[in-house]
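Here's the letter readout for the chains.
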Amino acid sequence: MIASDVFAPELADGTYLLQAALASGMNVELLPRQIMTCWQPSAPDDRRSFVHGIPEASTLAGVTYAQDKRVVRALLQRAGVTNTKGATFSFRGRGAALRYADRLGYPLSVRMAIDDSIRTPPRMAANRAELEAAIDDLRRIRDDSLASATNLRRSAYSLTGLLDPETDENGVRLLARATRVLIEQVPDHPRLHVLVSGDDVLAAAELPPGDHSGAALPQAVAGPLPEAQHEAAVRAAAAVPGLRVAHVVLLTRRPSRLRRRGPYLVHDVSERLGLDLFERARQGWAAELASRLLAQECPRADEAAPTEPITLSVRCEGVDDTAHFSSALPAETTIRFHDPVEGHLHCVVSGTIRELARLLMELSTVGVDGRRSMFLAVEREAAARGDIGE
Amino acid sequence: MTTSTNASRIARIQLLTLDDPIAPSLLERLGATDERGLVSLVEVRAAESRGTGIAVGSFGTGRNARELSWRHVSELSELLLDEPVHGDGDASTHQHAHELVAANSHHLVSDVLERRISISGVLAGLAEAITRAVAQLTAPTAPLDPAAVLAELVPHANRYHVVPAPPPMRIDGRPANRYPELDFLRPLGVNGTKGHLLERQALAQGFRTMRFSKGAFVADRDGGPQLNFKWSRSPIASGVSLALCTHKEATRIQLRRRGLPAPRGRMFARGDYDTAKTYAKHIGYPVVCKPASGVRGIGVVADIRDEHELDDAFQTYQESRLGGDDFIIEEHIAGGDYRIVVIDDQVVAAILRQPASVIGDGQQTVAELVLQKNELRRQNPHLWGRLIKVGRPAIHRLARQGFDLTSVPPAGVQVRLSDTCSLSQGGDSIDVLDELHPSIAEASVAAVRAIPGMRYCGVDFLMEDHRRPLAEQHAAGICELNAHAAIGNGEYPMFGTPREVARELFARSATTAGYDVPEPAQELTLRLEIHGKVTRVNYRQWLARHAEDFGVSGWVRNLGRRKVEAVLHGPTLPVSALASLTVLGPRRALPTTVRTEHVQVTPRSGFEVRR
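Quick note, the sequences are listed as chains V and R, same order.
Residue numbers are given in this note's numbering: position 225 of the first sequence equals residue 225, and the series is strictly consecutive.
Residue numbers are given in this note's numbering: position 474 of the second sequence equals residue 864, and the series is strictly consecutive.
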């Protein structure tokens, strides 16, 4: 049965972009890891792709750099953008990390220096013991870290690193000693989350002080950002070459001891959009932003906006259990064809755009009881063509 | 030093060193003086009837010491070739060998054990191997099993030298390539070329760079946009392309939907073996089983011929690090394994990868041929850390062909030591670009176009013959696309013409960003700022030593507590390699960034350490 929430933080961006494409009357193809290619039926050769909502125009080098926090920090410094005080250490250099932390002073945050997802909240440590525990915890390999369900939530830019893991005396699997963590001083001040594209700030929302997990309710920033904040966010995004869109996190209130370093500290720059945060600030905001981003990437995006409810022809390939898969589809779904051996299935579904975006993303990424379709070709029913083994 | 039987002169000398210093000097035994010392003779043995000997040992401490000693020994060996040996026959030769070993075995073994403790992991297995070898040689009653001894020792060999030199090894009439820049690249480490080659291009074309690690740097010129690279991840590929290509099933579907040759297959949920078996039967054996999003061949089993082998393959996949992932069953394509490198609409390199093998000459044993081939691989900047492995799978593969390490294969017979074409497992790389049929090039370019935002890619193609049209080949298919294919593969083939992949990739990245691309400079003068933990760690002395080794002039000085400044001048190859190397530094250094820019001053000759 379908149960997972595709609007969960790590999957929300891709789902909102899919929703925006359907709302624009576009045809889409979906592949694992929320890879979406979309185009207007009138312009089949003019296609754009996204992965987890990240546009194709964001380069491989750009997203790779964005995931490496040591490199991001160096680039920010090079660009003259002030960031939080911190340093990276390998697990091998645990002792040096602890000594550095003692000098820096607590509380501190610790997180992986190279990480696929901005949504992983950092561990906070109020003292040395907590820091040690946090480092040890980060090093432990979760059982599901290389499982398919986890895999599909990741962009996989850093997956290919795959440093050989180790095993401790208790048989616990650990990340390689060369793996690095970032230890940083994160002052307890409001966090301004800014979505930046080029020189434009697309959205900004603020989280209150003390919220390191991002669980608190963000407040939408009404109107344009103050010039200094705008400039800081744009410069931070530009410091990492190759990002078409960037999610920048600024710490906005100046702590007295950091006053000399400037009024704003950049805490993070990510290639992920983080639309769920803006949705929590204002309902419907994520869908608006996704439409705007889609229009930016696909100039013909809103050529043929449909009226709800819509009916879609969905051709699935690489379905690992077509019978199980089809039984979990909504009752009103029409199954036109299925080949259990080849794993092909063709169905027609109707619903609101939001419902169908959710359904398609479930079928593609989250899965039906773990069963997924590796490829979905989605067209408005009127324009559907039969080209999969029928 | 060595032995021969039924001969008054040494006909042939082979020197073999292991991967760590072990004990005192063979040179001493020969009356020569070398304070670093060539270590003790561990084994003096080999096909005595052919008047050959193998000296196994190791010497020196530190990279330079080892190189100096090796050169010394190599030269000495050639002089010795005409010298009379100690013994006159089997008995005295063996006796002499045993005396040598006995005299040194205690020191040798205890030294190895001690080092094993102090250099944890580096010597894993070596102590046992030596102990066993010594035991065999010193116990008069113990029958010598040469194959077993060699199987223990060959995997630990790090240098091999034969006097007189055997004829050069060839494939299809082509001799193995030797690359003069190896000495500049080796200090960068096993994957050094990956991270360096693009920076070399950037610097040669007048860009300044900022390096963050061995793999990552940004480059810009005249206030233009920054170009960033990490290994071969470049500004001309999209993030989407890597996410797609690292998912094998998504790649396969994408290729097949565009009518491109890709193996028939499909993915199954973890544990769904029954359905997978039905499917394998449906498409017909042989098949391949692999994790859906694997890398580096982890958990992959190819050429599965029946259900029984498929069960074994399931177990291999499940026990692998990617056993938690879904898996794919697809048809197995028998044929050559090719890596075709595409940039935009152009194939810039095509490499045939062959499983590790040696070709018999009717004189040398398999072990000697492996050692000789590995010595050739050590002359290759991309392969010097990727040697033929003589482990259990290789021994098993030899046995299937009726050989062991002491066998002397007939002249011209190819002996395989591996089933995989992976270069990391000792496979050969052979350039075939000029012979590639246009239809294959066309399919490779089309495959790259099928992936959103992909402009640089290594296409892994399985086919019968790269010279024949694709349509005429019974079996051909693309099994993988690599969004960040290693550049050194095409730059440094073991056989055939090297291709300028890095130059092309950098040029496309630069022109896309609006830069013009001049002819690369043959000489550079660079000013470097190295930041991080770089003072009080002998950084300046370390840099001076490398500059002298590389023939680079200039100077180095400290600038404050965490910064070193240097100027390097000389030919592009060594200067750019040294610039890349500075981000590593000596053992206790921790450089964080290196800024490199061009300067006009020409330093005096030599390299100066300034205060």
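You may find that some hints are simply not true.
Incomplete in silico selection of chain V near chain R, CB under 8 Å [to be verified]:
no., residue
1, Thr37
2, Glu56
3, Gly318
4, Phe375
In silico DMTMM-like cross-links for lysine to aspartate or glutamate, where the CA-CA straight-line distance does not exceed 20 Å [stated by the list, open to error]:
no., chain 1, residue 1, chain 2, residue 2
5, R, Lys671, V, Glu342
6, R, Lys604, V, Asp164
7, R, Lys667, V, Asp321
8, R, Lys779, V, Asp164
9, R, Lys667, V, Asp164
No lab work stands behind these hints: they were computed from the structure.
Glycine included, every Cβ here is placed at the ideal spot set by N, Cα and C.
Now the hints, each set against the structure:
About 6 Å separates the beta-carbon of Thr37 of chain V from the nearest beta-carbon of chain R, less than 8 Å, and the hint is met. Residue-level restraint check for Glu56 of chain V holds (minimum Cβ-Cβ distance to chain R is 4 Å; threshold 8 Å). Using the Cβ-Cβ criterion of 8 Å, the hint placing Gly318 of chain V at the interface with chain R is satisfied: the shortest such distance is roughly 5 Å. Interface restraint check: Phe375 of chain V against chain R, minimum CB-CB distance 5 Å, threshold 8 Å, status holds.
In summary, the hint linking Lys671 of chain R to Glu342 of chain V is supported, as the alpha carbons are separated by about 12 Å, within the 20 Å threshold. Note on Lys604 of chain R and Asp164 of chain V: the hinted pairing holds, with a Cα-Cα distance of about 19 Å set against a maximum of 20 Å. With a CA separation close to 14 Å, the supplied pair Lys667 of chain R and Asp321 of chain V stays within the 20 Å bound. With a CA separation close to 19 Å, the supplied pair Lys779 of chain R and Asp164 of chain V stays within the 20 Å bound.
Between Lys667 of chain R and Asp164 of chain V, the direct Cα distance comes to roughly 31 Å. Violation of the 20 Å bound is thereby established for this hinted pair.
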